[in-house]
Amino acid sequence: MYDWHEIGALDDIPRLGSRVVNTPHGDVAIFRTADDQVFALRDRCPHKGGPLSQGIVHGHRITCPLHNWVLELESGQAVAPDVGCATRYPTRLEDGRLWLGLNNVVSLPSASREAA
Amino acid sequence: MNAKERLVLVGNGMAGMRTLEELLAIAPDKFDITVFGAEPHGNYNRILLSPVLAGEKSIDQIMINDLNWYAEKGIRLYAGQEVTRINRARRQIHATDGTIAPYDRLLLATGSNPFILPIPGNDLPGVIGFRDIKDVETMLAAAQTGKHAVIIGGGLLGLEAANGLMKQGMQVTVVHVLDTLMERQLDPVAADMLRASLEERGLRFLMGANTAAVLGEERVRAVRFKDGLEIPADLVVMAVGIRPNIELAKQAGIYCERGVVVNDTMQSYDPRVYAVGECVQHRGQCYGLVAPLWEQAKVCANHLARYGIGRYQGSVTSTKLKVTGIDLFSAGDFNGGPGCEEIVLRDPARGVYKKLVVKENRVQGAVLYGDTVDGTWYFQLLREGTDIGAFRETVLFGHAHMADSGRDGFSVMTMTDDAEICGCNGVCKGAIVKAIAEKKLFTVDEVRAHTKASASCGSCTGLVEQILAATVGTFDKTPKEKALCQCTEHSHDQVRKTIREQRLTSLRAVFDFMEWKTPDGCHSCRPAINYYLISTWPDEAQDDQQSRFVNERVHANIQKDGTYSVVPRMWGGLTNPKELRAIADVADKFKIPTVKVTGGQRIDLLGVKKEDLPKVWADLNAAGMVSGHAYGKSLRTVKTCVGSDWCRFGTQDSTGLGVKLEKMTWGSWTPHKFKMAVSGCPRNCAEATIKDFGVVCVESGYEIHVGGNGGIKIRGTDLLCKCATEEEVKEYCCAFMQIYREEGRYLERTAPWIERVGLSYVKARIVEDEENRKALYARFLDSQKYAQIDPWAERASGRVDAHEFQPLRQVG
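For the protein sequence lines, the chains are A and B, in the order given.
First residue of the first sequence? That's 1 in my numbering, and the numbers climb one at a time after it.
First residue of the second sequence? That's 117 in my numbering, and the numbers climb one at a time after it.
The hints are simulated quantities; they were obtained by calculation from the structure and are not laboratory data.
Ideal placement from N, C-alpha and C gives every residue a C-beta, glycine not left out.
Keep in mind that the hints are not guaranteed to be accurate.
To be verified - Some but not every residue of chain B turned toward chain A, in silico, with C-beta under 8 Å: (1) A565; (2) T634; (3) P635; (4) C638; (5) R642; (6) Q662; (7) F665; (8) V666; (9) N673; (10) I674; (11) K676; (12) P923; (13) L924; (14) R925; (15) V927; (16) G928.
As the list claims (entries may be wrong) - Calculated cross-link-like contacts (lysine-lysine; reagent style DSS-like; alpha-carbon spacing at most 25 Å): (17) B:K901 - B:K776; (18) B:K694 - B:K712; (19) B:K120 - B:K189; (20) B:K789 - B:K598; (21) B:K725 - A:K48; (22) B:K901 - B:K846; (23) B:K568 - B:K598; (24) B:K676 - A:K48; (25) A:K48 - B:K568.
What the hints assert, rightly or not - A short list of chain B residues far from chain A (calculated; beta carbon distances all over 10 Å): (26) T254; (27) R317; (28) P348; (29) T559; (30) G578.
All chains should be modelled from the sequences, with the hints used to inform the complete structure.
Spelled out as structure tokens, the structure:
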């Protein structure tokens, strides 16, 4: 189950950009794509822990700023040939307000993967 | 009674002392050590006596261990004491002054003596060998008073002595009994080239000459030959060979032939007595070169320490002639024999001769003259018995030719699976071959993606291409023009041309007009297109922040832990107490963990938290500092030396000029980073000749150098032209930057750009074409109007990109 948190307005995030939300799970990166969809991933690249929020958003993908790993925003999966996964979190957009769903059992990041 | 075992070393030369050093490294407390040396010095590097004679080095410079070293190590040194007798029954040695030293282990390293021809007059004053410091002192003294020197022996040592004495001002004649010089190291062709080159320098040669007698009464006066010829001589150096010095050993009844006979553990027939160096005969072989001594020393030390591993199995030797300006290398069997073939490259105009003797595709010997860069490589092939069949046709062009461009696709075949191909990412050949086979890869990009080989610095791309070609067979590696990225078929140049011709000013316009395959590009093409847009239309195109790499978006360098580094600009490397105080205060206030001086003469603050960046910048701004753009594809630094203001060699105001260049060009975006330097004189302390744009001041003006790079692949600059005034330098600087900005591909440094378009093209565009140069200059200055806004001040104000530096929200 999720606890839903209001985190701001859509326009707080630039198109093809990202902002960070500090949570008890660690930092979560909120991405906004060109078609105004919003995604959330844990702000740690599965490769070497790079902050994904600082990367370049393209299509429904994010490129990590440290070593150019590319991850799918929808699943958190690394694009082949790289193998790895960043935890994803559900988001909702209601009346121009953004909501982030966090697993209400605050525990290790691996627990929140089931929620995905 | 001493608890330690006693080791006595006879001979304070290179082999013996090297053995002690090796021993002290592995078993420092095992022995109580005593050393006897006939010479009254510490230990010195005998092979450097030739440069001492030639006046290129001093005695001090060739000392390996001075007397203090022995004291520090607790070694008793008897310098200037000859050992007269070994009493093996009592295990004692006796020295000239009556000293008696008992031993548990004895190490003989008595070296060799120069062979003195058995001819009348060979004992006259002024007749010497070339062996030790005393000989060198005698020669230097003779050069002061005498005029004529005769060197008997045209081998390695003789020629080095001859060269040295000639440099000391003597007229030198080299007498050699055979028709070719250095017959033990050179074949006749190389020997003739060497002789011609030495004759050009002023040496005289008497070849095929048999010396009959040395003439003189009080001291040497002349040399007479068997055919009756007499030549004057104030000094005669006998360099006809060496004889192992085995008197002492023989006297003690230790078995000797030509040298002290030792086994593979460097033990003589008396197991308490070891021997190393030139006095040794091992498997029938005596050595007079230094490399075998090192190998012997290692083995011997190991056995003295009772480690009991390691055997000396003989050495293959190589030779270099220590005569400045003559490059000569020889190794192994260079004359060949039945079943041998010779691979020869001979270029008389360049003075280059290379010969490899090959038997069944394995190198047996090598002679190199004029170009000896690959000596060590050939020597390695020789020692390791490498099969050169796969690269035989290019082997003479050298190792660099194979490894660097690697276009011929041979060298990788010979590499083992565990050979590292990509140093950045630690990828071995085996891993690449495996990935190609298992994942069915066909392009370098695929190999890069799957293995990371060549994904970082790219310098191993040639090798990766070779491995790919060798593994999947030949492939077409030159599609017409390389696409910018996987989002398009178009190349960098096509994109830029279209932006200019169609007057495209936004990424969206480029994607639409050029029919991009993806909706909004990728991390490769977006920064490139953004650069092409803003460099082509500086006043019209909108700089798209979301298409910039994070460093250029937040104007700091991201670090591995997600923190940032901040480098304020220091114009021309100048700073002052106020700036330094501000930097110190900032470091304290924001608890910045690391403060480092950079190679570009600035100060780097490392480990700044992202949310602190605007506050750090505000404080630095307050002290008058602006962004150093250390994070950008842009002008980085202008490195300078102190120039004529302070330096006694400075010819122009290099610091001032550097500051002017930096003030003029800062803030400009370029295809890749762009570094400059100004040196105040040709000593070039600012290292201007490895910069993208370098100025070297001379008395008469300013040399302009371009296209240098000190990174992965070092490239010295090309000299573009000379300028008379600072104004001219500024014009050339902007013109060069602008043509690079307009024509260089994104992420292409000036070095590869110049290699691609050619220096003559650059010269034609900006040196010979004055009108074009002025137009480029004007365009550069125009675009600077939009560029010289401090990005730090903008962001510190909170009015620009504030969202970049604050979390969106805190929850939970």
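Results for each hint:
1. At about 5 Å, the closest approach between the beta carbon of B:A565 and any beta carbon in chain A falls short of 8 Å, and the interface hint on this residue holds.
2. Among the interface hints, the one on B:T634 holds; its C-beta lies about 6 Å from the nearest C-beta in chain A, closer than the 8 Å criterion.
3. With 8 Å as the threshold, the beta carbon of B:P635 comes within range of chain A, its nearest partner Cβ sitting at about 6 Å, so the hint holds.
4. Evaluation of the B:C638 hint against chain A yields a held restraint, the C-beta minimum of about 5 Å falling below 8 Å.
5. Annotation: B:R642 was flagged as interfacial toward chain A, and the flag holds, the nearest CB pair being 6 Å apart, inside 8 Å.
6. A cut of 8 Å between beta carbons decides the hint on B:Q662: the least distance to chain A is about 4 Å, and the hint holds.
7. Taken as an interface hint, B:F665 checks out: its beta carbon lies about 7 Å from the nearest beta carbon of chain A, inside 8 Å.
8. Of the supplied interface hints, the one on B:V666 holds, with its beta-carbon coming within about 4 Å of a beta-carbon of chain A, less than 8 Å.
9. The restraint placing B:N673 at the interface with chain A is violated, with a minimum CB-CB distance near 11 Å, outside the 8 Å limit.
10. Checking B:I674 against chain A: minimum C-beta separation of about 6 Å stays under 8 Å; hint holds.
11. Nearest Cβ of chain A to the Cβ of B:K676: about 7 Å, under the 8 Å cut. The hint holds.
12. Because the beta carbon of B:P923 sits about 5 Å from the nearest beta carbon in chain A, less than 8 Å, this interface hint is met.
13. Below 8 Å, beta-carbon pairs count as interface contacts, and B:L924 has one with chain A at about 4 Å; its hint therefore holds.
14. For B:R925, the interface hint holds, the least distance from its beta-carbon to any beta-carbon of chain A being 4 Å, beneath 8 Å.
15. Nearest Cβ of chain A to the Cβ of B:V927: about 4 Å, under the 8 Å cut. The hint holds.
16. Evaluation of the B:G928 hint against chain A yields a held restraint, the C-beta minimum of about 4 Å falling below 8 Å.
17. At roughly 16 Å between alpha-carbon atoms, B:K901 and B:K776 fall within 25 Å of each other, so this suggested pair holds.
18. Among the hinted pairs, B:K694 with B:K712 is consistent with the structure: their alpha-carbon atoms are about 18 Å apart, no more than 25 Å.
19. Only pairs whose Cα atoms come within 25 Å are accepted, and B:K120 paired with B:K189 is accepted, the gap being roughly 15 Å.
20. A C-alpha spacing of about 22 Å is found between B:K789 and B:K598, which places the hinted pair at or below 25 Å, so the restraint holds.
21. Of the supplied pair hints, the one linking B:K725 and A:K48 holds, its CA atoms being roughly 18 Å apart against a limit of 25 Å.
22. Note on B:K901 and B:K846: the hinted pairing holds, with a Cα-Cα distance of about 16 Å set against a maximum of 25 Å.
23. Straight-line distance between C-alpha atoms of B:K568 and B:K598 comes to about 20 Å, which keeps the hinted pair within the 25 Å bound.
24. Distance restraint check for B:K676 and A:K48: the Cα-Cα separation of roughly 8 Å lies within the 25 Å cut-off, and the hinted pair is therefore satisfied.
25. Taking the CA atoms of A:K48 and B:K568, the gap is about 14 Å. The hint holds against a cut of 25 Å.
26. Interface exclusion of B:T254 from chain A stands, the closest Cβ pair being 66 Å apart, more than 10 Å.
27. Residue placement check: B:R317 keeps its beta carbon more than 10 Å from all beta carbons of chain A (closest about 56 Å).
28. For B:P348, the non-interface assignment is confirmed: its Cβ lies about 75 Å from the closest Cβ of chain A, beyond the 10 Å cut-off.
29. Distance check on B:T559: its Cβ is at least 13 Å (rounded) from any Cβ of chain A, clearing the 10 Å threshold; non-interface status holds.
30. Here B:G578 stays apart from chain A, with its beta-carbon at least about 22 Å from theirs, past the 10 Å limit.
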